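Quick mapping for you: the protein sequence lines, in order, are chains A and B.
If you count by our numbering, then the first sequence holds residues 28 to 442, one letter each, in order.
If you count by our numbering, then the second sequence holds residues 262 to 631, one letter each, in order.
Calculated from the structure, these hints are not laboratory results.
These figures come from a predicted structure and were not determined experimentally.
Check the hints yourself; a few may be wrong.
Quick list of the computed label-pair ranges, beta carbon to beta carbon [claimed, not checked]:
#: 1; chain 1: A; residue 1: 315; chain 2: B; residue 2: 385; range: 47 to 53 Å
#: 2; chain 1: B; residue 1: 584; chain 2: A; residue 2: 181; range: 49 to 55 Å
#: 3; chain 1: B; residue 1: 483; chain 2: A; residue 2: 85; range: 55 to 61 Å
#: 4; chain 1: B; residue 1: 519; chain 2: A; residue 2: 309; range: 39 to 45 Å
#: 5; chain 1: A; residue 1: 214; chain 2: B; residue 2: 280; range: 50 to 56 Å
#: 6; chain 1: B; residue 1: 515; chain 2: A; residue 2: 122; range: 43 to 49 Å
#: 7; chain 1: A; residue 1: 284; chain 2: B; residue 2: 284; range: 41 to 47 Å
#: 8; chain 1: A; residue 1: 28; chain 2: B; residue 2: 567; range: 46 to 52 Å
#: 9; chain 1: A; residue 1: 353; chain 2: B; residue 2: 280; range: 31 to 37 Å
#: 10; chain 1: B; residue 1: 276; chain 2: A; residue 2: 353; range: 41 to 47 Å
#: 11; chain 1: B; residue 1: 574; chain 2: A; residue 2: 358; range: 56 to 62 Å
Some chain A residues well away from chain B (every beta-carbon gap over 12 Å; in silico) [unchecked claim]:
#: 12; residue: 29
#: 13; residue: 78
#: 14; residue: 116
#: 15; residue: 194
#: 16; residue: 314
#: 17; residue: 389
Heads up, the beta-carbon is just placed ideally off N, CA and C, and yes, glycines get one too.
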Amino acid sequence: MQTIFHVDMDAFFVSVEEVFDPSLKGKAVVVGGPANARGVVSAASYEARKFGVHSAMPLRTAYQKCPHAIFLNGHRERYAEYSRKVEQELRAFTPLVNMASIDEAYLDVTGTGRLHGPPLAAGHKLHERVRRATGLNCSIGISTSRLVSKICSDQAKPNGVLWVVPGTEARFLAPLDVRKIPGVGKKTEEALHLCGIRKIGDLAKLDEEFLERRFGKWGLALAGKSKGLDAGGWFDSSFIEAEDPKSISHEHTFDEDTAERGRLIATIAHLSEMVGRRLRDHGFFARTVQIKLRDEEFHTITRAHTLAQASQLDTEIFAEARALFEKNWNRKPVRLIGVHASNLEESEGQANLLDQGTKDRWRAAMSAADRLREKFGDDSVSLAAGLQGRFRRRVDETSTQRLEPEKKDKPKSSG
Amino acid sequence: MEFTIARTDLVRELGLLQGVVEKRTTIPILSNVLVEASSDRITLTATDLELGIRCSCPAKVKKAGSGTIPAKRLLDYVRLLPEAEISVKVGDNHWANITCGRSRTRIAGMSRDSYPELPASTEKVADLPAGLLSSMIQQTIFAISNEESRFTLNGALMLLKGDGLVMVATDGHRLSMSERPLDTGGVSGFRALIPRKAMGEILKLTAEAGADSTIAFSSTDNHLFFQIGERLLISRKLTGNFPDYERVLPKEHPHSVALAKEELKAAIERVAQFSDERSHAVRVQVSAGELKIHSSLSETGESEDSIAATYEGPNVEIGFNAVYVLDFLKACGEPSVAFHFKDAASAGEMRPAGEDVNYTYRYIIMPMRI
Numbered sequence: 028m029q030t031i032f033h034v035d036m037d038a039f040f041v042s043v044e045e046v047f048d049p050s051l052k053g054k055a056v057v058v059g060g061p062a063n064a065r066g067v068v069s070a071a072s073y074e075a076r077k078f079g080v081h082s083a084m085p086l087r088t089a090y091q092k093c094p095h096a097i098f099l100n101g102h103r104e105r106y107a108e109y110s111r112k113v114e115q116e117l118r119a120f121t122p123l124v125n126m127a128s129i130d131e132a133y134l135d136v137t138g139t140g141r142l143h144g145p146p147l148a149a150g151h152k153l154h155e156r157v158r159r160a161t162g163l164n165c166s167i168g169i170s171t172s173r174l175v176s177k178i179c180s181d182q183a184k185p186n187g188v189l190w191v192v193p194g195t196e197a198r199f200l201a202p203l204d205v206r207k208i209p210g211v212g213k214k215t216e217e218a219l220h221l222c223g224i225r226k227i228g229d230l231a232k233l234d235e236e237f238l239e240r241r242f243g244k245w246g247l248a249l250a251g252k253s254k255g256l257d258a259g260g261w262f263d264s265s266f267i268e269a270e271d272p273k274s275i276s277h278e279h280t281f282d283e284d285t286a287e288r289g290r291l292i293a294t295i296a297h298l299s300e301m302v303g304r305r306l307r308d309h310g311f312f313a314r315t316v317q318i319k320l321r322d323e324e325f326h327t328i329t330r331a332h333t334l335a336q337a338s339q340l341d342t343e344i345f346a347e348a349r350a351l352f353e354k355n356w357n358r359k360p361v362r363l364i365g366v367h368a369s370n371l372e373e374s375e376g377q378a379n380l381l382d383q384g385t386k387d388r389w390r391a392a393m394s395a396a397d398r399l400r401e402k403f404g405d406d407s408v409s410l411a412a413g414l415q416g417r418f419r420r421r422v423d424e425t426s427t428q429r430l431e432p433e434k435k436d437k438p439k440s441s442g
Numbered sequence: 262m263e264f265t266i267a268r269t270d271l272v273r274e275l276g277l278l279q280g281v282v283e284k285r286t287t288i289p290i291l292s293n294v295l296v297e298a299s300s301d302r303i304t305l306t307a308t309d310l311e312l313g314i315r316c317s318c319p320a321k322v323k324k325a326g327s328g329t330i331p332a333k334r335l336l337d338y339v340r341l342l343p344e345a346e347i348s349v350k351v352g353d354n355h356w357a358n359i360t361c362g363r364s365r366t367r368i369a370g371m372s373r374d375s376y377p378e379l380p381a382s383t384e385k386v387a388d389l390p391a392g393l394l395s396s397m398i399q400q401t402i403f404a405i406s407n408e409e410s411r412f413t414l415n416g417a418l419m420l421l422k423g424d425g426l427v428m429v430a431t432d433g434h435r436l437s438m439s440e441r442p443l444d445t446g447g448v449s450g451f452r453a454l455i456p457r458k459a460m461g462e463i464l465k466l467t468a469e470a471g472a473d474s475t476i477a478f479s480s481t482d483n484h485l486f487f488q489i490g491e492r493l494l495i496s497r498k499l500t501g502n503f504p505d506y507e508r509v510l511p512k513e514h515p516h517s518v519a520l521a522k523e524e525l526k527a528a529i530e531r532v533a534q535f536s537d538e539r540s541h542a543v544r545v546q547v548s549a550g551e552l553k554i555h556s557s558l559s560e561t562g563e564s565e566d567s568i569a570a571t572y573e574g575p576n577v578e579i580g581f582n583a584v585y586v587l588d589f590l591k592a593c594g595e596p597s598v599a600f601h602f603k604d605a606a607s608a609g610e611m612r613p614a615g616e617d618v619n620y621t622y623r624y625i626i627m628p629m630r631i
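Make the full structure from the sequences, and use the hints.
What follows is the structure, given as structure tokens:
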């Protein structure tokens, strides 16, 4: 039997801002951008949440609900730095740490009883350590599976530690809304409500075959989840496997929809650089490059192309992404644009005969650029094409900025 | 139009045309073969607009004229007829009546008026020995790129020098270059890109005509013409700039090792069973007196073969795509080959070896980084 901790930082971005500006403490704070800007809320303090503000909500709506809130642009580098501090502390506690995003992590502490004591005591110990090292509050969920621990840390919020004693998982989950299950979004929730399923307990009582008929593979995963098992998508993978990235992507939502070709291409260049940088950081070469385009009507397309040779060079990723864009852009104003690299390989594979010199020179240039960025910051060097495409990076607390494990079996819409 | 023809002749000529009959039916008439009868011959023409073949063979013509008949259906049917004279009659309604012994068939044809006109050849550039050209094609065709987007690499470069013929193909990972001495009748500096499909058809047509026959080669701004006996192949030229292949050819290699071709081929074929399905990567290790080929798949297994070799240089390990190496070994006609190399990051080269080799055949392969 495993013992899994889910450590989730409380209002992470806001808490980090408070470290740098203690006057923010106890006030309604919204991170994401100015109140009249186009984007969405990345994070909100608990005071702001009392007024109904939550992450992913349009900033303008947040302003309507909570006009007295302090709206901040946020500081990505500070969050990254604090995320690293938290990770360091967690890794000092136990070696099996899986950072699921910038502000949450799973820890496999199975068999550490003699070192850290019983689960709940260990949880309190870790909770205190994180607070002492970073000055930040977190909530910890403890159970025998990643899934229950995640739900558990949510129930423990804010600033709590909660342990679901082995054997009581189903009883713990039963009274909770189905929406609490990770992976159940608006669509699945609606579909479940249509079948009269509102609580996780309702779901657990159902015949697995019925769920499979109704929702396919995702239904089976739901049945497992409702009983507190790690099932479906990322939860199917083993703890360590989950660290293995399947894709790397970056996307950008424009403050104002734009149909300006130059600006769009510059943004693609900049996103390609960000993707290339991460590929090199992790020592991966991508075989497939994909772009994502969302227009003003929220109509979204993704288009992918597989390269003849795996690459981690910004220029090659950009050339491919640009070609896909030129081929598929319908000339309508674009709301969101993304560059995605997948089919990752650990070696470059077949070398090229015709552009030997060029490629070697680019390789050297990229590695020099990486060293400069490390020293002087991410924006110190850039492809000329990407200069116009720089944007202030908006960080989203809910979606991961790290390597994303591929979501395998979750349907786009259910029912 | 009305004529009778021996079944063998008709089946053979229709068979040679099938490769260029349009398989997709975007332009329906391109699925048809144009049949023209005059005096004592019939001429059969097929084209997909990129490539055209015109064949001709003797027939007893009762009434001159022309018509078009679905090429595949016609061949599929006459193939099943017994060995005898076949009578073909195309009336004003474009239907073809085919009679052979007690078998009678009608096939719906189309008017020849809408059949595209094939370009006409101009004066001859040079005479090329069929055996020589087809051997050079076999030595290069496999290195042509399959990537349609790299259209200048979708064919081979043919170069006529004053004293020789050169053919080069590359897909960006390997390059195959064949050069043979040839009296080109004073023509020098002629270059053209031949599409892969045309090269394949030349192979078929020369196999039919025999290695001793001669090909009359001519060219216009946009087309290439290969007259092989009674058959004419017309190909659109590939446009664009073929890479500067001479820049890619290594000037010299510090190390080389001579090997028996069949032994090397068998070793690589065995070891490659344990290479990645997509990359086909194998490691070639050369050390004093020995060449080793090794490959492993963490989940499946591993394999190694060792070949005794005369070699004194430093230990070198290079990754290669096994398929690329095997392509060369299959195309090379000599019993021994030489492998020239520098290090794990530089292009390697394979050539036929032996004192009897009086031609140039160079095969450059880029290594894999593994």
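Against the structure, the hints come out as follows:
1. A:315 <-> B:385: 47 to 53 Å: Because 49 Å falls inside the window, the suggested range holds.
2. B:584 <-> A:181: 49 to 55 Å: holds (53 Å)
3. B:483 <-> A:85: 55 to 61 Å: holds (58 Å)
4. B:519 <-> A:309: 39 to 45 Å: holds (43 Å)
5. A:214 <-> B:280: 50 to 56 Å: holds (52 Å)
6. B:515 <-> A:122: 43 to 49 Å: For residue 122 of chain A against residue 515 of chain B, whose Cβ atoms are near 47 Å apart, the range 43 to 49 Å holds.
7. A:284 <-> B:284: 41 to 47 Å: holds (45 Å)
8. A:28 <-> B:567: 46 to 52 Å: holds (50 Å)
9. A:353 <-> B:280: 31 to 37 Å: Holds - the Cβ-Cβ distance for residue 353 of chain A and residue 280 of chain B, about 35 Å, lies within 31 to 37 Å.
10. B:276 <-> A:353: 41 to 47 Å: holds (44 Å)
11. B:574 <-> A:358: 56 to 62 Å: holds (60 Å)
12. 29: Check passes; 26 Å lies beyond 12 Å.
13. 78: holds (54 Å)
14. 116: Per Cβ check, residue 116 of chain A is outside 12 Å of chain B; nearest 34 Å; holds.
15. 194: holds (37 Å)
16. 314: violated (9 Å)
17. 389: holds (15 Å)
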